[in-house]
Amino acid sequence: MFSSPTKSVLFVSAMSVVLIALSGCASATPDASAEGPIKIGAVSSITGPAPFPEVPAAAQAVFDRVNADGGIHGRQIELLSKDDGADPAQASQAARRLIDEDQVVAFVGSASLVECSVNATVYAQQGVVSVPGIGVEPACFASANIAPVNNGTIQGFSSLLFYASEVLGDTKVCPIILKSPGLTEPYLELIARWQETTGSKSPLVDTTVNFGDDPTPAILAARDAGCDAVVFNANEPIAVAFMNTVKQQGLLDGVDWLTLTSAYSESVVSQLQSQGTLGLYANSEFLPFSSDDSRLDSWRSTLTQAKVPLTSLSMGGFVSAEILVEVLKGIDGPITRESVTTAFKNMSEVTHPLLGMPFVFGSDTSHNPNRASQMVQATESGWVTVSDWVVGQ
Amino acid sequence: MRLGKRSLLVWILPVAVAVALGFTLPVYWVYIMTAVVISTLIARSVGFVSIQAGLISLCQMSFAAIGGWIVSWLALELPGVAFPLLVLIGGLAVLPVGWILGFVTARIRGAELAVVTLGFAAALDLILRQGSFPGVSTGTPVTPAAPFDDSRWFFLFALILLLALQSGSLLLRRTSLVSGWATMRVSEKSAAAMGLKVPMMKASAFAIGALFSGLAGGLLAAQYGLLTTAAFSPLSSFGYLATAVLCGASFFGGAVLAGFVAVLVPEILGRLGLPLDLGPGLLALGAFDVLRRGNGGIVERLVSRLQDRRFRDAQRTSIPPAQEKRTDGTRPSLNPTLEITGLSVTMGQQLLLDSVSLTVREGEVHALIGPNGAGKSLLIDAVSGFLPRYDGNVVLDGVTLNGVRAYARARRGIRRTFQESKSIEGLSVDEFLRVSAGTARRGHIDKVRDYFGLPDGLIPIRLLDVGSRRVLEVAGALASQPRVVLLDEPASGLPEQESSALAECIRDIPAVFGCSVLLVEHDIGFVKRAAARATVVNAGRIISSGLVADVLAQPEVVSSFLGKRATS
Amino acid sequence: MAGLVSGAAYAIVAVCVVVLYRLVGVLNFSQAALGAFGAYACYSLVDANFPLGLAVITGLALAAGIAGFVGWVLSRWFANPTVLVRSVISAVLFLLMLTAGFRLFGDSPRAMPSLVSDTTIDVAGVRVNVGTILAVVTALIIATGLTLVLRYTQVGLRMQAMSERPVTVALLGINTRRLTVVAWAMTGLLSTLAMLLIAPTRNPTFESMSFLIVPALAAALVGSFSNVWVTTLAALLIGAFEGGASRVEWLANYRGALPAVIIILTLTWMRRREVWDAVR
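Protein chains in written order, with numbering that gives the first Met the number 0: chain A, 0 to 392; chain B, 0 to 567; chain C, 0 to 279.
Because the hints were derived from the structure by calculation, they are not lab data. Where a beta carbon is used, it is the ideal one built from N, C-alpha and C, also for glycine. A couple of the hints might just be wrong.
As the list claims (entries may be wrong) - Listed below are several chain B residues computed to face chain A (Cβ distance under 10 Å; list not exhaustive): (1) 34; (2) 132; (3) 136; (4) 224; (5) 261.
Unchecked claim - Stretches of chain A that chain C covers, calculated by requiring three or more beta carbons in the stretch to come under 8 Å of a beta carbon on chain C: (6) 43-53; (7) 263-270.
Claimed, not checked - A few chain C positions that, by computed beta-carbon distances, are all more than 12 Å from chain B: (8) 25; (9) 28; (10) 106; (11) 119; (12) 132; (13) 143; (14) 149; (15) 150; (16) 152; (17) 156; (18) 172.
Isolated chain A, as found in the complex:
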């Protein structure tokens, strides 16, 4: 049947599209980019299986503070933070809406599980840059217009390997890679590079367990291979579960366990404490938030005032927002998408107290500007900083 009902559905749908479009057109202010508030976009996974709401929230806190001090050249900064629910379709729609309708001049403070891959092309085509607070996907570190302020999993893993072999002096460092999509090959390449540079040989490189599955087989394999250090990738809950299994298998002492920065949080360390599985090392991609360093005061006060949780992730939002402010201040002339993009691509290095390396965007085809981490260890009194900046090669 393709008669009346189809007709009516099509007409109704067409009309509704036109109506919404018209309403959309009405609200989109043409060429507002040279006056009025400076519009910044962010696409983050705020709902869904692994939410990061504090990252754009931290960026917002920075902008609130800057606006209270008069803004940039008299213009206020307006952050339009959208949720993608960890759905690529929503991430794509949100970014395009921000670009086409809201006319944002840049993306800052994003933290999403899926948006880099679907939006990389759009950012490049529309000539807009993105400085995510936390980049998760490999695509975040392999695109011309995206430069996250965090290390990313590959770089973080690299610094852990270097720390284990060069600083802790472990000779049988075994990486266990819990497989997530698209990351296994880069991990293996990284491990090969590390082995070349340091001359270390791993008795075991385990890639048999999928992210989220029971890690026991891999842990037992590490025991059987006689490893004295294990570096593994994990997120918060997996790190806790992993260490629990380690303890169950009686391997807590005698082996160094190192994992990625996702484990570096208050909830993880309190779980580790109650489990009795202390001693885990993690890398901190920013200045460790658990320390008393006075360089953390600005971050602390800005976020506390905005009631944003003080986590390692939130530092990503904070740092990316402050870098944007720096770059914006340095722009002569009108602040438009073109001028902002040019400014980022031609910027000179910006140092930030929370970063171990200066940040620079540049005009390469891929960006991973922050490659330095400090190491922290889980102890009875919480996370303790145990090293200075380590840069994985």
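Use these hints to put chains B and C onto chain A, whose structure you have.
Just chains B and C now, kept in the frame of chain A:
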């Protein structure tokens, strides 16, 4: 399918509007419309496989993933090639995957099939996670060759693709594939009894679904540039199943509606500042409201209602024209059409049919009577090929049918009806007759229609009363010009008047259609009117055979019906 | 050995799925998610310093309540739904449970105290948690218990009758709606129990708990959605296989996919003679 000036205009207008919108609306809205087209393709895919063919599939997004993978790979290997061609190749490449899956799972049904498809989806997701989609590791996105790198031309291409596929589906309706699916969905046995090959039909349903999904996946490759497994998660198949069923995606309009719902609901939530995870909640509310009434999704119910209104005053019962009693100039010849010799059926230890032999001669109506449980329906099943094993011989026109499968027997000229009514509610009278007729000529179908006085061909079967449905089933069996029809209690459920009218129709079938009849019936009056000879079966054994009048006079026969004491 | 914990979890969930499917005809994709809901409710209460016993009872009751409510809604408003409608209901329920769970429970790790003391014993060179043994034993007890309940108790017999002839049973004056609600609530409670046993050993997220339904369904499929014992055995084997196959190099990467392939092949072979569906 009448494509008059009016319906052509009615089609062209919305398409023209859509194209105009594609070139005038802001780029964002063009992107949205493209997203709607892609979602429509996926919803239509669900419509084919799960709604029309009744195969619950949770792996439609997996087909899209394969399509997306192939197109991404091709786009990187052959950058200069026109993008539409790459999308077509991608879609066609997925088609055999669907075909194989449908064929392999032909004997797996219902919930089990759902689980198997979910397992397939989960397995594919796992395999795709081992690496990454083409181009992702190097950060090289899929960029269609000009002019399709422009969103507007891309939308135009997507729209044309959708319309081309829709036209293709309409052509498909000319074949009896779609009607075959509707039959198969209700009863696989009925489908086989019509000569349809059920595994082939399932395979074709999955194949077409895979084609639609694969093309959608190819379009997604260009929409996103860099694909990840998150874009094709098994969970999204759940969402599409629900949305497609809710909107009634067995119709094109329903699929379009589903496409709009899938894209615009999150859009509106985002604009209103509401959290995105209200989406599933809204879907649940919609599904609850629409589905609890039990007559399908939104568009399907709309269509039903329009049909109800259109046929409200139409004749809905069959009124066979009065048959003059044909004289016995039609003396049946002695040539046997159907010979059953030594048919025995055992189930476990029990002997259900004991060496039954029966001959249906050319041009005769032969009744098979006996008390309940005597084994009559079992005999019909054996003869028509629905029993896996039996001893004995079934010969049609001198050729043995042993070892021949049910659908093949139907094609060779044995047609049957079933004791329980298996009315195919999704079809109209005409569609049912056409799918039953197979390759028989149109003229023959009309002849059958007129002979039984069936209602107008466009009336949906669900609007017919019980009696007419039974008559329709008999008509369907005849529509294919068979050699012999096996009618299993055709009068059950009919009121007296219609019953006698049917009896007379059946009596004259051999004269009018040149086909013999084996009639299983309880109603003795019916048998006397319709049949010339009869065979009586009791407890799996033949107790009498001969002319109807003679047989019915025998005391053993009477007592087998009424019990031993009642012999008079 | 390592995979037996998972196997036990799959078994309990699978048995619940099979029982619910036989009784009310709905293939419940959310079986594991319902259990996860109850388990997470329990752990949230523990975080809020409730005593463990009370938290466990609350969690079980909550899951039973939610499941029973779902059963009530379905029996009240959906009379005799088609297979397609039932599948859609199950799909929508799954999406709803996941969404609600993500929103309520997020993905931060939380304390997941074991229901038994955290002792390990040495079994053949691998240290096995007492919880593992308990999980396996519980799975077997549940399988036995449900079989006995269904076959020998009044309620069980009525439920079986209802699944075959709902109209007849209703005409006999038996409250089918109450039976449906009881069936749903019972399976919801048992799934929570399964999660409470598994969680301490793996510390899973809400999402990974909910997705335990996939291997559970695979086990149910091997049992043809009817045989509780075959289902249990299959689930334990799937768990063991997932654990064991990681040792074999070429299998390891794909061991998650193999059960699906094996099951499709097994089923196709098993059904090769069943040309015609018994129902149709």
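Verification of the supplied hints:
Against a cut-off of 10 Å between C-beta atoms, the interface hint on residue 34 (chain B) holds, since the closest Cβ of chain A lies about 7 Å away. Hint status for residue 132 (chain B): holds, given a least beta-carbon distance of 8 Å to chain A, under 10 Å. The restraint placing residue 136 (chain B) at the interface with chain A holds, with a minimum CB-CB distance near 6 Å, inside the 10 Å limit. Hint on residue 224 (chain B) holds. Least Cβ distance to chain A is approximately 3 Å, under the 10 Å limit.
A distance limit of 10 Å between C-beta atoms decides the matter here; for residue 261 (chain B) the minimum to chain A is near 8 Å, and the interface restraint holds. Counting residues of the stretch 43-53 of chain A whose CB falls under 8 Å from any CB of chain C gives 5; the rule of at least 3 is met. Here's how the stretch 263-270 of chain A fares: 4 of its residues keep a CB closer than 8 Å to some CB of chain C, so the rule of at least three is met and the hint holds. Some Cβ of chain B comes within 12 Å of the Cβ of residue 25 (chain C); the nearest lies about 9 Å off, and the non-interface call is violated.
The beta carbon of residue 28 (chain C) is not kept farther than 12 Å from every beta carbon of chain B, the shortest such distance being approximately 8 Å. Annotated as non-interface, residue 106 (chain C) keeps its C-beta farther than 12 Å from every C-beta of chain B; the closest such distance is 14 Å. The beta carbon of residue 119 (chain C) sits about 31 Å from the closest Cβ of chain B, which is more than 12 Å, so the claim that it is off the interface holds. The claim that residue 132 (chain C) lies off the interface holds: its Cβ sits roughly 29 Å from the closest Cβ of chain B, which is beyond the 12 Å cut-off.
With a least CB separation of 24 Å from chain B, residue 143 (chain C) remains clear of the 12 Å interface cut-off, as annotated. With 12 Å as the threshold on Cβ separation, the claim that residue 149 (chain C) sits away from chain B holds: the shortest Cβ distance comes to roughly 19 Å. Against the 12 Å criterion, residue 150 (chain C) stays outside the reach of chain B, whose nearest CB is about 23 Å from its own CB. Every CB of chain B is more than 12 Å from the CB of residue 152 (chain C) (nearest about 26 Å), matching its label as outside the interface.
Consistency note on residue 156 (chain C): stated as away from chain B, and its beta-carbon is indeed over 12 Å from all of that chain's, at 24 Å minimum. Against chain B, the non-interface label of residue 172 (chain C) holds: every CB pair exceeds 12 Å, the least being about 25 Å.
Hints 8 and 9 from the earlier list are contradicted by this structure; the remaining hints agree with it.
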